[in-house]
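Peer 1: Now for the letters of each chain:
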Amino acid sequence: MTEIVLPGDRICAAEELARSKKVILGPGLRRENEQVIACKPGRLHHKEPNTYWVDNHQQRYVPVKGEAVIGVVTAKAGDIYRVDIGAHDQASLSYLAFESATKKNRPDVNPGDILYGRLIVASRDLEPELVCVNSSGKKGKLGVLMDGFVMNCSLNLARLILRENCPLLRELTKEMPFEIAVGLNGRIWIKAKSQRETIALGNAILAAENASYEEMPKICENIGNILFS
Amino acid sequence: MRETPLSTIERNFITQAVKQNLRLDGRKNDEFRKVTINFGADWGSALVALGETKVLAQVSCELGVPKSTRPNEGIIYINVELGQMAAPHFESGRNSELNVQISRTLERTFKDSRCVDLESLCVTSEERVWLLRIDLNVLNHEGNLIDCCSIAALSALLHFKRPDVSIIDNDVHIHSAAEKEPIPMVLHHYPVCVSYCLFDDGRLAVADPSASEERTADSALVFGLNSFRELCCLNLGGTTLTSSTLLLQCATRAARRAKFVVDYVKETLEFDKNAREDNKNTGFTECVRLNQITALAENRLSLRLRNFKMQETNESKKDNEMETSGNEDESEEEDSDAQKNVVAIDSKSALLESNQSNIKWVPDDDDAESNVESMCSENVADEGDESERSLSQQVEKQMRKFSKKESKRELSRKHLQHDASDSEEETKVIL
Chain A
1 MTEIVLPGDR
11 ICAAEELARS
21 KKVILGPGLR
31 RENEQVIACK
41 PGRLHHKEPN
51 TYWVDNHQQR
61 YVPVKGEAVI
71 GVVTAKAGDI
81 YRVDIGAHDQ
91 ASLSYLAFES
101 ATKKNRPDVN
111 PGDILYGRLI
121 VASRDLEPEL
131 VCVNSSGKKG
141 KLGVLMDGFV
151 MNCSLNLARL
161 ILRENCPLLR
171 ELTKEMPFEI
181 AVGLNGRIWI
191 KAKSQRETIA
201 LGNAILAAEN
211 ASYEEMPKIC
221 ENIGNILFS
Chain B
1 MRETPLSTIE
11 RNFITQAVKQ
21 NLRLDGRKND
31 EFRKVTINFG
41 ADWGSALVAL
51 GETKVLAQVS
61 CELGVPKSTR
71 PNEGIIYINV
81 ELGQMAAPHF
91 ESGRNSELNV
101 QISRTLERTF
111 KDSRCVDLES
121 LCVTSEERVW
131 LLRIDLNVLN
141 HEGNLIDCCS
151 IAALSALLHF
161 KRPDVSIIDN
171 DVHIHSAAEK
181 EPIPMVLHHY
191 PVCVSYCLFD
201 DGRLAVADPS
211 ASEERTADSA
221 LVFGLNSFRE
231 LCCLNLGGTT
241 LTSSTLLLQC
251 ATRAARRAKF
261 VVDYVKETLE
271 FDKNAREDNK
281 NTGFTECVRL
291 NQITALAENR
301 LSLRLRNFKM
311 QETNESKKDN
321 EMETSGNEDE
331 SEEEDSDAQK
341 NVVAIDSKSA
351 LLESNQSNIK
361 WVPDDDDAES
371 NVESMCSENV
381 ADEGDESERS
391 LSQQVEKQMR
401 KFSKKESKRE
411 LSRKHLQHDA
421 SDSEEETKVI
431 L
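Those protein sequences? They're chains A and B, same order as listed.
According to UniProt numbering, the first sequence is numbered sequentially starting from 1.
According to UniProt numbering, the second sequence is numbered sequentially starting from 1.
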């Protein structure tokens, strides 16, 4: 069951629970003395045993440590790259933060390239910092994205796509083969066989913004029909 | 705030897609976006939307002193406001290059073409004339600001009525609307701008470019045309090769588009006039009620395969339940016309209610027809070759003027060089 909350609403359920045990407050919720107050409008979610958060519609990205984002390289500055991730400040990315990069073996990254990276520093006072390797020094899925297309979407759509029970991508794979990288900063990189298919794919994803899970297969099927008819 | 940089892959994608006659928002290369015009309750205020680009125009007037060189003519100012509301990277209060370019192009189309009868704005010669001011507020920038601004300026000018004056003992008395009926503007012809972007080394022209296309394109091409297919202004920005055939082809298409737009402006004006006569509600509040100008419209998807509308089809579904499910598509098409009106009126509520209904993508015939009108090149012959020829002559004339200027410049440069070499020789001689 979901409940709609507005900024300033008191979340009594969380307060009740806090008397007996610890409660984790997620995004959109704030503690003021003994009260739990919503600071964003949206749907209130609760996950057993003790987590509460508000899922809201938002366009502006606020960096969070550990999130995977898509950015555009804007400049090379000494030994770091400047990357626009749509946040308050440009993120920095060291050239050593790539797989098997050394001082002599620099990665081939140029201004204008699209990167898929992970945030390791995200504080409101510091500039965010990206890396393109995981903790074991491997690149995994991170790195420069070639070809395809990048589109902007709202942050909740990006989160929606990545949810485990979301049928959108599963249904889309039935229609056509494609590659996708979803940045939690509201940027989605897609690549299909042809330009037309890529546009169709983007169209289907953006159309899912206000659709329910039951409607998503219909949207995908429709797009598929238009594409191949 | 800095403008989000356009990545290389976006650039490549757009240029490659354009070569296949594909565009991100589902249009063909020579298709235009849909124009909607809404008039305010006040005289001379118009809100024009070209796709998602929105411009609010307001015409106002005051009495002032004429220029000494033209003592019996009124004066027009055109002011374009590009603030943060248009796009976050614009800085208000600073005259950016784009701002200057738009206002200069509009001045050329409206002032230099002398479409407004300035002499009718004179109250007493050398003393008092009307100073007209066209304020264009850009509310949203999604590309092709010039077209949108020009349509807004034209519709606001046509909608505007200035108060009547009478001169009593050398004293000008301005009558309020209640005392005397305000006087509409006198326009000799109706010019609008139509712009194209050139891709692929000037081989491809893309009509009505969106913001990302404008940033990707090699150069921009702006035609100022009136409904009589007369050229008022021609602007070639950027650097690319162009062929004269492409230019002429664009010019003829632009002329047809200009005629279409002007007809549409007239039509909406007529509609507004009738609504006022019937004492119906007019103005933006009414538009909000009809959900014509709200920001969150349904067809805002930035990526589209074709011009499709999200449409509720729960009615047709009911119909289909009675029939066999096989001919679903047919009834879909039949119903689409009847349902279109319903969707247009309360499409916003449809957003919220979409959970209960069945959403389908239905071809947007309305748009297609209005846009295709300008596409079919077979009709060129029907419209009379003479006008076509005259237009091409005009374009050529403009081009020639331009090239003459260039050649003059070159000549003068040569002269200068000549002089320089002469003087050098002289100096040599002296030395």
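Please note that the accuracy of each hint is not assured.
[Unchecked claim] Stretch-level coverage of chain A by chain B, calculated; a stretch enters the list once three of its residues show a Cβ under 8 Å from a Cβ in chain B:
1) 141–147
2) 192–202
[As the list claims (entries may be wrong)] For the chain B half of the interface with chain A, some residues (derived, Cβ under 10 Å), not all of them:
3) R11
4) N12
5) K19
6) L24
7) N274
No lab work stands behind these hints, which were simulated from the structure alone.
Think of the CB as a built atom: it goes at the ideal place given N, C-alpha and C, for glycine as much as any other residue.
Peer 1: With chain A as the partner, please determine if B:R11 meets the hint condition of a C-beta pair closer than 10 Å.
Peer 2: Check passed: Cβ of B:R11 comes within 8 Å of chain A, closer than 10 Å.
Peer 1: Are there at least three residues in the stretch 141–147 of chain A whose beta carbon sits under 8 Å from a beta carbon of chain B?
Peer 2: It holds: at least three residues are needed, and the stretch 141–147 of chain A offers 3 whose Cβ sits within less than 8 Å of chain B.
Peer 1: Quick one, is the B:N274 hint okay against chain A at 10 Å, beta carbons?
Peer 2: violated, 36 Å
Peer 1: Next item in the hint list is B:L24. Is there a CB on chain A closer than 10 Å to its CB?
Peer 2: holds, 6 Å
Peer 1: Have a go at the B:N12 hint: is there a Cβ in chain A nearer than 10 Å to its own Cβ?
Peer 2: holds, 7 Å
Peer 1: Next item in the hint list is B:K19. Is there a CB on chain A closer than 10 Å to its CB?
Peer 2: holds, 9 Å
Peer 1: Checking C-beta pairs, does the stretch 192–202 of chain A have three or more residues closer than 8 Å to chain B?
Peer 2: As far as the stretch 192–202 of chain A goes, the hint holds, because 6 residues have Cβ atoms under 8 Å from chain B.
Going through the hint list in order, the structure does not satisfy hint 7, though it satisfies all others.
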